[in-house]
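Based on the sequences and whatever the hints tell you, model everything.
Protein chains in written order, with the working numbering: chain A, 1 to 490; chain B, 1001 to 1093; chain C, 2001 to 2294; chain D, 3001 to 3081.
Hint data in this document are derived by calculation from the structure and do not stem from the laboratory.
For clarity, every value in this text was computed on a predicted model and none was experimentally measured.
Take these hints with a grain of salt, some might be off.
Going by beta-carbon spacing under 7 angstroms, a handful of chain A positions derived as facing chain D [claimed, not checked]:
id: 1; residue: M328
id: 2; residue: A414
id: 3; residue: V449
Note that the Cβ used here is the ideal one computed from N, Cα and C, for glycine as well.
Each chain, written out:
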Amino acid sequence: MKLARDDWFDLARKLDWTYGYVGERDVFPEEASGAPWLPHDAWAGWNEPFRTTYAEYVATQAQKEAAVHAVREAVGRPEDFQRHDRRWLSALKLHAATLPLAEFAATIGNLRAARFARDSAWRGTALLGALDELRHTQLPLVALHDLVKWDRQFDWTHRFYHSNDWVAIAARHVMDEMLLAADPIELAVATNFVFETGFTNLQFVGLSAMAHDVGDRMFETMLKSIQTDEARHAQIGPTVVRTLVAHDRARAQRLVDKWFWRHWLLFAVVTGFAMDYLTPLAHRRSSFKEFMQEWVLDQFARSLADVGLELPAYWPTFLESLDWYHHMVYASAYTYRATVWFDLAVPGPDERAWLRAKYPASWDALDPVWERVAERWRESGPGVEWYTHGTTPVGFCSLCQLVLCGGTPARNTAQVVDRDGRRYIFCSEPCRTIFEAEPERYAEHRDVVKQILAGEAPANLLELLRTHFGLTQDEWGKDVAGGDYPWLRR
Amino acid sequence: MTDGVGPVLEASDGGRAVVEAIRADNTGVVVLDRGAYLRVLVPHRCILRRAAIERALGRPFAFPSDLELVMPAFQGNVTITDDEVVWAWSSSG
Amino acid sequence: MKPAPRTYWHLAQLGRRPNDYDVGSSRLLFYPERGLSTGAAIRPWLRRYQIESPLQCRDWDAFRDPRETTYASYAQLQRTQEAFVDGVLDAADDRRLDPAWLARLGSILPVLRFPCHALQMVASYLGTLAPGGRVAIACAFHAADELRRVQRLAYRMRQLQHVDASFGVAARDHWETAPAWQPLRELIERLLVAYDLGEALIALHVAVLPRFDELFVVELAALARRNGDDALANLLHSLGEDCRWHRAYGGALVELLANKRPENAAAIAAWQGRWEPLAARAVAAAAALFEAAP
Amino acid sequence: MLVPLYGFVAGDTLGILVLARDDETIASVAAQLQRAATVRVRPRARVRVLARGAVLDPAATVSASGLTALDRIDVVAAEEP
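Below, the structure written as structure tokens:
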């Protein structure tokens, strides 16, 4: 007799028992299971709304894999990628490097939850999450592998997290804390609640919509398929947050505040660059800010209210930074492009007009930087990369490890702080607040500047990116057009 | 729509059939066409019945697996049984 | 300029064209060699149970899953297995089963969900603690196989409840109090808190699984067959395929580690000496449940 | 002795690191910073240097101005407040 899922599934979901030979705290120690430590009774009502059996899981996932495989067979050869605009390929390289090994760190984090989460149903859901994240590791690694021989920058798809590139240092700083070191409670807040219901939608659904418009079917299919997994296992989030709010509301709020800000900075770089600068203008449907409005402001803010939490105290700062932050970082990165593994582009007059229309509050203050960059290219002529490239090392935030791009060109919000005989610099007030809430987590980390001052990394920029960041000349980022833009010739 | 809930669907035949089924059983349905995806928003509560989507598609449709294949995201808290999917907020916002 | 590479940086030394398993499973972890960028409550845990485990290996990625399981191949393989099991279970006519068999099976099958869930937890633990990505991947699939086992036991349990409403309703109580289960429960609870990487690995793969699976998969299947319960026998046969792979990858891993350092072999022997008698005693006690069976 | 300073040039998009000599004048440090930012910000003829909210004397040396390692200094247009 065939059974409906609702008829039998509870018999497989609820399998905690009362331990007789060891203590509950021995099986679920706080350092591995998370704070606050509560007896199982507090978690016994844990309920995953998006229920999937193992049989359904493997059937659905095999179908998804087959669908992606079919698209890969049709349009996944190197020559199919070569047809794309070089800017779009840069967006692909940025995504490809930052995601796959981070997804594997998520496998590790979810496996910890599959062992130490406090209810059996939660552990089972986390386990399927761990498998999902493995899929998101292997899919891009395999799909992009053959591109390495055509374009060495694609080697960073795997190498990025093994490198000392400054972006990798910043990315590891987030991913280590969020995934490799997190207990199941913090993992559920940071990834399932904040990351997967807000920001990954932005990257995976928003960017897949752009891939659709660009005509990159391979990337579109891969991103969308990955996000269908996230939509399922993200449902761990709200149910954990509700229990956390009921027992330790302040901790719930602090975790949400921390992770929202940390993710915002990361996605401003990864998604912000792709949407507002690396997607060819003709294929842009919405700006990064508009996607943020749809996916993060509307959707996430409502989810927060639903679990009984407040918007973070820094919300006005965040709203303001929507007009500035990723633009500040992009202009900075453009003029330090040899320190990264993908190419960058100067926005031309049409793009700047589009950016002005999309960002009326900030663009007039940002535009002079691009005027200056264009002026330098005109002076040197095409091909002279170093004439529009910085030569001095830059500062990095002691929390987010990203460049000091907070605030506006007129008023950078970086602040130097002395504590316990050491000096730190923060790009923004939220980064400082997060650091000061848990200094024991962050105080030991040495950013690139500290490594340079300690003599562990060279102060000479060219030497730094060669020997420390591990970039070779044929890999490091260049201007996508070598400075040879039609609008520059006049 | 400040209190809107509902799925985000890929713009495929499957996704469009889900939209049709939601339109059949809900009022005030708004569908935003974003090219690669369709965002469905219904005020407060959105229901999707298996029977309705099977009518729209003309073939069996299993929850949640067949839905998962065409749904990269959604807004609201979801509850899934063998026969229906409901998106809703647990509090008024 | 150097000649164009043909593969990712870390696979250049492979000496052959990498397959999907090579590409998708190699050097996926970056933290064991660098340490974590931030402090966290888990740091001392990792130090004690992973970094300072008596079991050491310089290159955990030297491990190779004999089945070369990738996500794609796993989903495809298990989809086929699950479709087979669906066919077997959905076709079962359980009203024909002997009530005496149902009464006996009711004290075994529903209870098994608890230790199998614990095995899922232990495999997950080894996955999160393993210092090599390939080992972590094998453990993740292993844990998922145990989830499969739990769910199929639950499914079968519910099917039999439709014939006999009392089937297994006291399973948790049995697990916590029935004398025949207590040595196994003690073993499983102690296994859950065996946190040292090497100890957990050896206890699970060398001491517990071979004995546990022999009794609750192979022997239970034979017993089911003798009692006309072909559905259960065929289900267990399919679950036995998973167990055979667990033995294969676990064996390959233990062999690799034993051969890497003489100290490893000694540590492995010590853990074997501790866990094998416990496991043997636990499984022998549970086997009494079988002897009374028709 | 070298004194590393975080420098911010008005109109620029990021903070940069300059290695100033302790006997170097503030005017010279400002020039160094403007050169470092020149790909993004056109150098100004007349600037003021601020640290901890105060205007520094361009003729004073780094050490006489009380600057220590990893202080923040800002280079702004002279006519700005």
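>> Output the indices of the hints that this structure fails to meet, ascending.
In response: none
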